[in-house]
Amino acid sequence: MEEKNRDLIIRMFHVHKSYGAKKALSDVTLDIYKNEFLFVTGPSGAGKTTLLKLLYRGEPVSEGQVLVDGMNLSRISAKGIPFLRRKFGVIFQDYKLIANKTVFENIALVLEASGKKRKLIVKKVNSVLRMVGMEDRGDALPPSLSGGEQQRIAVARAVVGDPKIILADEPTGSLDPESADIIFDLLSRFHMLGGTLIVATHDRNLLEKENCRIIKLKQGSLTA
Amino acid sequence: MVFFFKKALKDISDNQLLNGVAIITIALSVLIVSAFGLFFINANELLTSWKKDIRVMAYLSPSADSDSISKTRQMLETMSDINNVTFIDRNDALRAFKQQLKGQSSLLDNLKENPLPDAFEIHLLPDPQATGRLETLVRHIESLDAVDDVEYGQQWMGSVSSVLNLFQFASYAMGGLFFMAAVFIVANTIRLILYSRREEVEIMRLVGATDGFIKAPFYIEGLLQGLAGAIFGLGTLYLTYYLISNNIGQDYFGSGFNVKFFPFGTCCLIVAASMLIGGIGCSLSLKQFLK
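These protein sequences, in sequence, are chains A and B.
The working numbering numbers the first residue of the first sequence as 1 and each following residue consecutively.
The working numbering numbers the first residue of the second sequence as 1001 and each following residue consecutively.
If you're looking for bench data, these hints aren't it; they were derived computationally from the structure.
Backbone N, C-alpha and C define an ideal beta-carbon position, used for all residues, glycine too.
Heads up, some of the hints might be wrong.
Unchecked claim - Each computed EDC-like pair below joins lysine to aspartate or glutamate, with the alpha-carbon atoms no more than 16 Å apart:
no. : chain 1 : residue 1 : chain 2 : residue 2
1   : B       : Lys-1007  : A       : Asp-69
2   : A       : Lys-34    : A       : Asp-69
3   : B       : Lys-1006  : A       : Glu-112
4   : A       : Lys-96    : B       : Glu-1202
5   : A       : Lys-96    : B       : Asp-1145
Unchecked claim - Part of the chain B face toward chain A, derived, beta carbon under 10 Å:
no. : residue
6   : Phe-1005
7   : Arg-1073
8   : Glu-1077
9   : Ile-1082
10  : Leu-1194
11  : Glu-1202
12  : Ile-1203
13  : Met-1204
14  : Leu-1206
15  : Ala-1209
16  : Lys-1215
17  : Tyr-1219
Please model the complete structure; the sequences and the hints are all you need to start from.
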C-alpha cells in the first residue's frame, strides 16, 4: 500500500525480448519507484543485463511497453534516445572507460555530450572525483588504475550528469571485497541523495547489505 | 565549435598514419587534376593569343590593274571577320624582303624583274569564333577575280584546337575520377579511424551523446584533411610552375604570352573542392557506421 502512494519512474508492461529464436526476457511486468533501491538478481543468462539494456534503450523491446520518467520507449525516435540516456547513469562490470582518455576526460565526456560549459564541467568533475576519493588521479589513464579504482571512476562518470536513475550491471563482479564495499557505499550515497538505483547482481554478499526490494529473473521470467 | 575543432586536431594527432595517407591521397589527386587544368588553361590562352594575330595574305594576279585592286580592297573591307586590310605594293615588298635578307641582299641584285606580286595583308577580328570560319573566308577571298593565291600560316590551328578540346574532355573525366577515388579513400580512412575507436563511440552514445556530437569532430577532421591535401597539392604544383616559368623565361612562346598560375579565386575553388572531398568521404563512412 505504501509503495502505491510513491511516484513511479519506470513501468514495464508484458515485455518480451528475443534475439532470433532465443528468448531473453519473457512477459516481464515491473514497476519501479522514484528513489527506490532495487536489486535484480538471478543466475548468469537469466536476462538481468537485457532488462537493464531495455531501460536505457540499448536494445529495443520485441513486444510490450517500457515507460521511463514519462517517456514511452516504443515511441521514442532515434534523436530522442540520447536525451533518454541522460536520465541514466550506467555502470558496467567491465567499467567501459576510454583507455586513451584521462580519468578527467572520461568523466567530463558526459557533461560535454549534454553541452555543458567548460567552467561547470571542471567544477563538477573535480567534485565527483573528490566524492569517489580520486581527486589526485584526474590526469591518469584508466589502464594505469586498479580494477577498484576504475570502477570508482565509472561510478563518478555515472553520477556526474545528475541522472535520475543509476543502472549498475554487476558493479562489483570483478572486484575484491574491499573495493566492492567502497563501490557499494558510493552507490548507497547516490540513493540516499534521492536517486533511483537498480543493481543487477548475483553477488549474495551485496544483496545482504541493504534491506531493499529484490526481483529475481530465471530464464527471462520474473520469479519473485 | 572550438571544442569540436580541438577534438578533431587531437584525433588527427592520435591517428597520424591514417590521416597522413588520406592527406597524401587528396594532395596527389589535387596535384594531378590541377596540373591538367593548369596546362589546359595555359595552352588555351596561348592559342587564343595566337588566334588574335591571324594574318591572311592575298596575292594578286599580275594582270590586276589599279581599278580591280581598288575594287578588291573594297570587297575585302566589307567582308565580315576582317579587321583591316593593308595593300602591299610588289616593289615595297621586294624592298622589305631585301632588308630582311640584310647581308645576302646581293642575291636579289641579278633579278631581271620583281618576282613578287602585289598583295593584301588581311588581319582578322580578335574573335575566337572567327578562326572557325577562317576556311570559308579564305575560299571567299580566293574566289575574287584579282586574287591569284591566298596564304595563311595558321592552318594547323584547327588541329591544335581539336587536341585541346580532347585535353579539356580528359581533364573533366580525370577530375571526376580522381574526385571519386579521393572521396572513397577518405571514406575508408575515416571508417578505419571509426573502427579503431568504436568502443569510444559506443561509450559516447551510452552517456547520451547525440549523433551530431559524435560526428562533428569527424567532419572537421575530413575537412581538415581536404584543406591540408589542397595546400600540399597546390603548393607542389606552384613550386613546379615557379621552377618551369623561371627556366623558360619571359615571352618564350611569343605573342606576349607568359605561363600563368591559377588566379586566387580558382585556388580557393580547388581548396573548397578538396575540402568537399573530405566532407563527402566523411559523410559516407559516418552514415554506414552510425546506422
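Between the alpha carbons of Lys-96 (chain A) and Glu-1202 (chain B), is the straight-line distance 16 Å or under? holds, 9 Å
Q.
Lys-96 (chain A) and Asp-1145 (chain B) were given as a pair; does the straight-line alpha-carbon distance stay at or below 16 Å?
A. violated, 97 Å
Once the shortest beta carbon distance from Ile-1203 (chain B) to chain A is found, is it less than 10 Å? holds, 5 Å
A closest beta-carbon separation below 10 Å is what the hint needs, so does Ile-1082 (chain B) meet it against chain A?
violated, 70 Å
Verify the proposed pairing of Lys-1006 (chain B) with Glu-112 (chain A), using a straight-line Cα cut of 16 Å. holds, 13 Å
Classify the hint on Lys-1215 (chain B) as holds or violated, based on whether any CB of chain A lies nearer than 10 Å to its CB. violated, 12 Å
Query raised in the report: Going by Cβ atoms only, is Leu-1194 (chain B) closer than 10 Å to chain A?
Result: violated, 14 Å
Minimum beta-carbon distance criterion (10 Å), Ala-1209 (chain B) to chain A
holds, 4 Å
Would the stated hint for Arg-1073 (chain B) survive a check requiring a Cβ distance to chain A of less than 10 Å? For Arg-1073 (chain B), the interface hint is violated, since the closest Cβ of chain A sits about 81 Å away, which is over 10 Å.
Holds or violated: Lys-34 (chain A) with Asp-69 (chain A), Cα cutoff 16 Å? Since the Cα atoms of Lys-34 (chain A) and Asp-69 (chain A) sit roughly 9 Å apart, the hinted pair holds (cutoff 16 Å).
Does the CB of Glu-1077 (chain B) sit less than 10 Å away from some CB of chain A?
violated, 75 Å
- Interface restraint verdict for Tyr-1219 (chain B) against chain A (beta-carbon cut-off 10 Å): violated, 17 Å
Comparing the model with each earlier hint shows violations of hints 1, 5, 6, 7, 8, 9, 10, 16, 17; every other hint is respected.
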